[in-house]
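Novice: Protein chains in written order, with the working numbering: chain A, 1199 to 1568; chain B, 1199 to 1568; chain C, 1199 to 1568.
Mixed in with the good hints, there may be bad ones.
As the list claims (entries may be wrong) - Taking lysine-lysine pairs in the BS3-like style, the calculated list, with each CA pair at most 30 Å apart, reads:
1) K1502(C) <-> K1288(A)
2) K1212(B) <-> K1288(C)
3) K1212(A) <-> K1288(B)
To be verified - Just some of the chain C residues that point at chain A, by a computed CB distance under 10 Å:
4) F1295
5) P1337
6) E1355
7) P1382
No lab work stands behind these hints: they were computed from the structure. All C-beta atoms in this analysis are idealised placements derived from N, C-alpha and C, irrespective of residue type, glycine included.
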Amino acid sequence: MPETTTQSLISVSKNLHAGDLEMAGSALTPTCDTPWSVRMVRLHGGRQEGVDLVVIDNGRLTIRLCPTRGMGVIDVVSGDLRLGWDSPVKEIVHPAFMELGRRRGFGWLEGFNEFVVRCGLEQLGPPGEDSHHGAVGEPPVGDLTLHGKIANIPASEVEVEVLHEPPYTLTVRGVVNEFAMFGPKLELHTELSIQPGSTRFEITDTITNRGGQTQEMALLYHINQGRPLLEDGARLVADVANAQPRDAGYSEQAIAQYKHFGPPAPGTPEQVFYLDLSPDEAGRCAVGLYNAAKDRGLTVSWPKQQLPEFALWKALMDERDAYVTGLEPCVTLPNPRPVEREAGRLVSLEPEGSYEASLRFELQTGLPEH
Amino acid sequence: MPETTTQSLISVSKNLHAGDLEMAGSALTPTCDTPWSVRMVRLHGGRQEGVDLVVIDNGRLTIRLCPTRGMGVIDVVSGDLRLGWDSPVKEIVHPAFMELGRRRGFGWLEGFNEFVVRCGLEQLGPPGEDSHHGAVGEPPVGDLTLHGKIANIPASEVEVEVLHEPPYTLTVRGVVNEFAMFGPKLELHTELSIQPGSTRFEITDTITNRGGQTQEMALLYHINQGRPLLEDGARLVADVANAQPRDAGYSEQAIAQYKHFGPPAPGTPEQVFYLDLSPDEAGRCAVGLYNAAKDRGLTVSWPKQQLPEFALWKALMDERDAYVTGLEPCVTLPNPRPVEREAGRLVSLEPEGSYEASLRFELQTGLPEH
Amino acid sequence: MPETTTQSLISVSKNLHAGDLEMAGSALTPTCDTPWSVRMVRLHGGRQEGVDLVVIDNGRLTIRLCPTRGMGVIDVVSGDLRLGWDSPVKEIVHPAFMELGRRRGFGWLEGFNEFVVRCGLEQLGPPGEDSHHGAVGEPPVGDLTLHGKIANIPASEVEVEVLHEPPYTLTVRGVVNEFAMFGPKLELHTELSIQPGSTRFEITDTITNRGGQTQEMALLYHINQGRPLLEDGARLVADVANAQPRDAGYSEQAIAQYKHFGPPAPGTPEQVFYLDLSPDEAGRCAVGLYNAAKDRGLTVSWPKQQLPEFALWKALMDERDAYVTGLEPCVTLPNPRPVEREAGRLVSLEPEGSYEASLRFELQTGLPEH
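Sequences are here, hints too, so could you generate the full structure?
Specialist: As structure tokens, this is what we get:
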């Protein structure tokens, strides 16, 4: 059996917050040539006062995970390449400062700046009313708020596991609970794992209904990228069987060129395309985002069975407003929840039923051959 | 004069938070045979990060009081008996994470897991609109939220008083302010007192209108019990003059058997009965909840003049959703506020006017004789 | 060049919270005869747990500034004179406990107790709906809340600057960001400066649109004074070209006597007057509030070009409800936002465009001569 070290960082069950802490490869994996570290850091100032970050440095990538914001990935840095984007939200906002119901349910936008942020779990998509009774004896969720709650719930349990022998895998696990009396009891168990020296990491999530009745579940990964990968001439690489604009009124050129990205254009309304991706023989879908020179890219892949839908978001605005694209593998499209229910895309989880989704992120130095 | 020691734990007036702290009988009451302690503990992780608990151990009972959540009682443990319940809300939620207006005003349910939680003080009952102007020149409360604010306001002053001579009474006092400009100025002063070795404790509350105009006040004690006292065959013991179902449509059997509790039944809608309790000769009402074997029970009693109304809440759902009953002595029934106003049950407090309510909790080893 | 010392107290960019800290004149300006200090203090208890104050003592005035509440001025004390008021909100409320959308958008009133509080910056005035689209591709602000957000956003950067040579000016700077994705990107840079021994201080604010589209901006300084300056017989001194009651229905006497203040009168509805102030030759407007004996007063002055409008608020209620007047120099009157837009009083800031406003506060020992 491989030996591992497990360090608890945050734990409700142990009533623990480990505070500022560093784990280092030199101490834990002396036989590993690649230096690595995992640190927990507390943030200060403005609306980020009290936010915790877990910073994973595997010798190639520095990944900033945020337990306080539902285990979202703030960004990933490798040399002069940064996965992530420059949101007008400059701080990593503590949920205590959030009021999701504000701005007619668009309050979520006051904290939105992650590279990877989960939307869900009870509901996602635009604000609105939904009087559907999901469970006997419970009030309906009622006033939906943009993209749901999970990104603004702090993790209840966070731990780091280190494998002492090759490949010395580093794993950060978290548990985030979206629970209410007379409401959802959805438990997110998430793992981010990476090996020292690698430019690839994986996120594996399991969502379990801990309630006693069938529960609707919605899940979308909002993976957001700005410069340097996004630029004039950047392109999406994906095997697309069908592409549909979400809204009417996009120009013919916009529709024809949906895989292509232009320069920032102040005042450009966002565009969203729903893509039907063709999986490979192993059943995996993949999308790549490449810079204009096609010498740098990011690919994200996942089993189509887990995340059958995909939305491409383009917000190519003035850079101060955000120049960003969103790659959004999902179970549920970001339509109003009643639309998704009607379409049968909301997952129904039986009591103790689970849903798993896993994503692989990989830096690329050139276009894939094929 | 009996000598006492008073220790301030939290104080706005002294700008004090005492941090983790323990007071012990061995030091403070060496002549007392029963060991006791009072501790303050800070919680960590998830939505309970930063919550303070006061833990009173009198040698028989361990009471967890929560200053951060309006001086509610989380639970009381005595050996294998626990007063309290297993809510789907697993953490003791910091009010900073609450948004009472969410879920169409049902946001309170995201933090509801106490053994004793106060509902009020400006309003209680279901969400809704209320355009009644309580005071000249002030806007109406407007959008009512479930069971009001008091359970999600942290205490401004918390202190422990220890009596140095028999019966060595331990008293924890708190002040919770529900104050707003152009709104209520309702001050809750609460005391929980217990003697070392006793299986009985008392809560005494005084609510004072610190404003300059007459103020409506609403008050209900939501006393919630799950296993082990609640079980199939458990029963309510109370001298009931009249019982009315809150809602139409309960079955005849449900109405006839309202004092009896069955097993968990997934998807069972909650039931609420309004009981007119007959007081004893001293003017006190009492309710008891006994397990099936009738060898263990909890009784709660209070002066009827203080808390003239009573609601019995049954939520006998799947245990994962909650298997719980609520014993709810109150001034104001949990109806929509306009209904209670019309019925004359909202208390009108004159400036500096006070309302007192006191409750006695006692563990029982058998049914009362009579 | 004069030499200065700059001390960072709170900083997102440096990930810094300096904690409890004191800077003293004896160490930093040994050649200055007037002892002074600047301290940072953390508050505890109730809804003020975790709030930071910066306390400036210049040897004559003690000014309490609150970084946690958008750099508002809590109060200013000079001997037995206090600039400020006794709000029914007794604590300095941490924004984490606020829910601006509560009470039909009047939630702001649960934290309102400052001497100087900014209203704005995206919007101010009463709650209501506003479906105006300020920017292409962004949702409208929608549900306006009373007086906007800026007073409930913690400062991202706070620093103190001390001039080492006469006049030994003390300056506290702060940056408060009201930023959202698909929303405003309004940066407030504020400076409060005072000299040791002086009874005068200045606040200079610069608001910059960091977004890429034109942005509406609203700004009002709510300067609130109770006793001892406000009392029966107190009066407003101001050169008023025109005065209009905000609402219909005030008595003729109330309108005629708008510059005069009577005693507290329980249950008096607030009154608001909109004043057109005549500037002096330098283009400055000034208002003074003097006690009945006219031997103590506060004057506030500003360039009319910066703050062309003025509202006088009178809430002469029972002292427990608030006995206070508000002097409110502003860009935008506290009318519903659509009214202000129609009237052309909302400022339109171009990208990187700035708006500056500066206010001088001065204690007076007698009425000005003229």
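Novice: If a hint holds in the structure, say so; if it doesn't, say that too.
Specialist: Outcome of the hint check:
Taking the CA atoms of K1502(C) and K1288(A), the gap is near 34 Å; set against the 30 Å cutoff, the hint is violated. Taking the CA atoms of K1212(B) and K1288(C), the gap is near 13 Å; set against the 30 Å cutoff, the hint holds. At most 30 Å may separate the alpha-carbon atoms for a hinted pair to count; K1212(A) and K1288(B) meet this at roughly 13 Å. Interface restraint check: F1295(C) against chain A, minimum CB-CB distance 9 Å, threshold 10 Å, status holds.
Given the 10 Å rule on beta carbons, the hint for P1337(C) holds: about 5 Å separates it from the nearest Cβ of chain A. Proximity of E1355(C) to chain A holds as hinted, the smallest CB-CB distance being about 7 Å (cut-off 10 Å). Hint status for P1382(C) relative to chain A: holds, with the closest Cβ pair at about 9 Å, below 10 Å.
Violated hints amount to a single one, hint 1; each of the other numbered hints is respected by the structure.
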